[in-house]
Structures are given as C-alpha cells and as structure tokens.
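Novice: Spelled out, the chains give:
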Amino acid sequence: MSPKTAQLLTAVLALVLPLILLDSSWCQGETLSCKVTSPTGAPVASAKVVVRNLATNQSTDTLSTADGTFSVPNLTSGDYEISITAQGFSPKVVKTTVTSTPAPALEISLTEQASTLPEAPSSNLPNAPSSTQPSLSDLGFPEAQTQGSLEEQARLDKRSHMLKTHQKLGLITTAPLIATVVTGFGAGGKNPSNTDRTVHAVLGSTTAGLYIATASFAIFAPKIQGTPTRGPIRVHKALAWIHGPGMILTPILGAMAFNEKSKGEKVHGIASAHGAVAIITAGAYGAALLSVSLKF
Amino acid sequence: MWSKIPTAILFLLFAASALADSQWTLQQSTLTYHVSHPMHQIDGVSHAARGKGVCHEGQCDFLIAVPVKSFDSGDSNRDLHMVQVTRGAQFPMITVRTRLPETDADSSSIHADLEIQFAGQTAQFKQVPLQLNKQGSEIKVTGTIPATLPDFKIDPPRF
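Protein sequence lines correspond, in order, to chains A and B.
Residue 1 is where the first sequence starts when you use our numbering, and the numbers rise one by one after that.
Residue 1 is where the second sequence starts when you use our numbering, and the numbers rise one by one after that.
Accuracy of the hints is not assured; some may be wrong.
Mimicking SDA-like on lysine to any residue, the simulated pairs with C-alpha atoms at most 20 Å apart in a straight line are [unchecked claim]:
(1) K69(B) x Q147(A)
(2) K164(A) x Q147(A)
(3) K69(B) x I233(A)
By construction, these hints were calculated from the structure, which means they are not laboratory data.
Model, not experiment: these values are computed from the prediction.
Hey, can you work out the whole structure from these sequences and the hints?
Specialist: Set out below in structure tokens:
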C-alpha cells in the first residue's frame, strides 16, 4: 500500500469511525403523549400535568410545551390518571391506559374557569392539608427562580449528551494517540523503513480525525448562560489551548517530515520540530484527561 | 460511572417569632448531597434554602425549599450535569414538608415524616431521625434524609 493510499484510507476512517462510535439514544418503557387544548382547540402552554400510575401510586409531573403537547417517557404498561391544571381553566382529570402498542397522541380539552379559584392544596401530603400550611410563595423566592423551563431543560439535555460523547471520543482517541507516539520513535531518525513511517502516519491521521470529532462535540455543545466556570474544568479548558493548536500543527509538521524522509533527505527546518510539538501536545492531552478524572 | 447519590444531610437553624399562632423562620441552612464515584467522593452543598413553619392549635407545618441550581460541588461542569440529570431546569425547586407537634420543639431528638418534592416526583420518608438543639428562641436541627436518586425516578448519571 502506497503512503498516499494509506493516508487517504486513514482520512476516510477518521471521518467514518466517530460516526459509528457515537452514542445511540435509547429509552425504556412506554411513552404517554398528549396535547392540552382550550375549548376552541387552541393549545394550552405551561399546563401543570401529573401522571399517576393507578397500580403503584407513583406520579410524574411535567408541563405542556408552547404547542400544548407533553410526553412522559419510561412508563410501564397499565392504567394511569392524568391531572391537568392550567391558569384560567378548570382542573381536569382523565384516565388512560398505557400499552406497549404505540397509540396516537391523546387530546385533552380543558373548560374555561368561571372565576378564579384558590390553588388547590396538594392531595398527597403525608398529613391532611390545613390552612396554616406555608406555600412556596411565602418563602420569597423570585418567581423566575421557581418557574420551570422545558426549553432550558432541553438545552441542558443536549449539552450533557454532547459532552458525554466528547468524553467517550476523548478516551477512544487516547489509544491511537499513544500508538502514534510509540511508533513515532521508530519512524524518525536514521530508520530507512517506509513501512514504519506509513504506520506512524496512518495512526497520526486517525488520531487527528478522532481529535477533531472529539473537540467538535465540546465546542458546539450549548452554552448555559450565567454559569461561571469553576473547578477542575478550568484546567481542562485551559489545556485545550495547548493541545488544540498542537493537534493542528503536529500533522502538518509530520507530513513535511514524511515528504522529506520519502525523498531520502534528512528532516530539516521547521519539520524537525514535529517530534517535540507532538510530545507537548500528547502531554497536554493526557493532562487534560487527568484534570477531569482525578480530584485535586 | 457515578455509582450512587445516597443522602441529603441537613443543618437548619430556625428562629421563632412571637405571634399568637407562632411562626418559625429558617435563618441558616446547609444541605449536602453525597456522590460515590470509583475515582473520588463528591459533596454538593447549598446554603440557599428558605423555610417557614406555621403553628396552629398545637401543630406546626413546615416548608423548606431550595433551588436545585444552588448546590455547589466545586466544579461548575459537574453541577450543570447534576441539574440536567435531576431535571432541575424543568423542576427548579426541591421542597420538604413536614408536620410536627409544637411540643417537639422542647425535645432533643424527634422522628419526622417528610414529604419531598424533587424532579417532578414526590417521595415520603417516614420517621426520619432529627436532632434538635434549642438555644433561646432558636432551634438547630440536624439530620440525614436517606434519599437516593431512584426514590425520585432519576437514573444516576453514568458514563
């Protein structure tokens, strides 16, 4: 196999492999999907929904989205009670059966409230409700702090999913990175073997491809505003300023060194820095891994 | 892999106010959760709880609430991940409710039935032992709630 063929094959592998290794999402149990509407059929957003399993009495709370829909995943098959409360509408309770057979989304229509009623006390307190029970509004938390946001939760879910993939790919990248460094000792110097250099180049290209995929998942993960960076993650991010440019520079210098060696020349000029840059890059990468693995 | 998040440790300092139906207000608090990880142990701490107790006809109803986002484990990335796992953006508050006889204020230890709402779920913990230390009109309450993530149908975070 010629070096150019090997490099092409490596580039293809580097692009395809991360896609194969990506975490596939999965879920357990059944999903209950419903839509909450007003008497006119308009969607009712931010309705509070409590889904209770009638057999186990376990309940799950959620809110309807802007289009009035909500879904509750990971339910076991059985009979459920859905309680819905929304401002301006009378509370509604419906019963439904969740089965393993996918069913169309259930539409629940609310009726408008004649007058504003006081908030009903929670029915599942350990003791009977009383008029003296303090409420969350008595504690003086700002409303923005107590109101849930499905959009923000979705952003956090996406962020976590992408960073987990970043973490997995980062660990996977370690294997070809170590192999590249090890084979690098036999590829340079006065060694005349083209095979050793080709193996080193293939491993290096694989490492670079995986690294780019790994970095992409961190770079493009949603940012959460108002969260200052604290703790070991600061070190992890700071080290990216060393191994990031290093991972770009190392293959470029390596390709230059490869060409010079292939022509029978001694590696010279800027290409001779390939080994040193590679070692610094690999060291910073290892330190970045350890910074989020060990407590210090 | 995060193996488990077993307990919530409470330190609460309530102060009484002189009203006909007496009231208690949470003055200081420390709430801690603990995570066991194969490579390290983690404690997340919050001092942001607010609470109130209202006593009427010999019974006191207490409500303590703390924002999920207020827990600090020393690593902002881990804290954000915990908020995601516990659905803290959708359900931003943890609330603890209990009802106790007013006479319990004079005891040095009590057992309380607690109802905790967290991550859109409600779980009840019966007969949780709490230690009380009364100093004048203030009571310091300490204890450990044996709450775990599965109690609230939360899958523990894992790699």
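Novice: Next, verify each hint and record whether it holds.
Specialist: Outcome of the hint check:
no.: 1; hint: K69(B) x Q147(A); verdict: holds, 13 Å
no.: 2; hint: K164(A) x Q147(A); verdict: violated, 27 Å
no.: 3; hint: K69(B) x I233(A); verdict: holds, 18 Å
Consistency note: the structure conflicts with earlier hint 2 alone.
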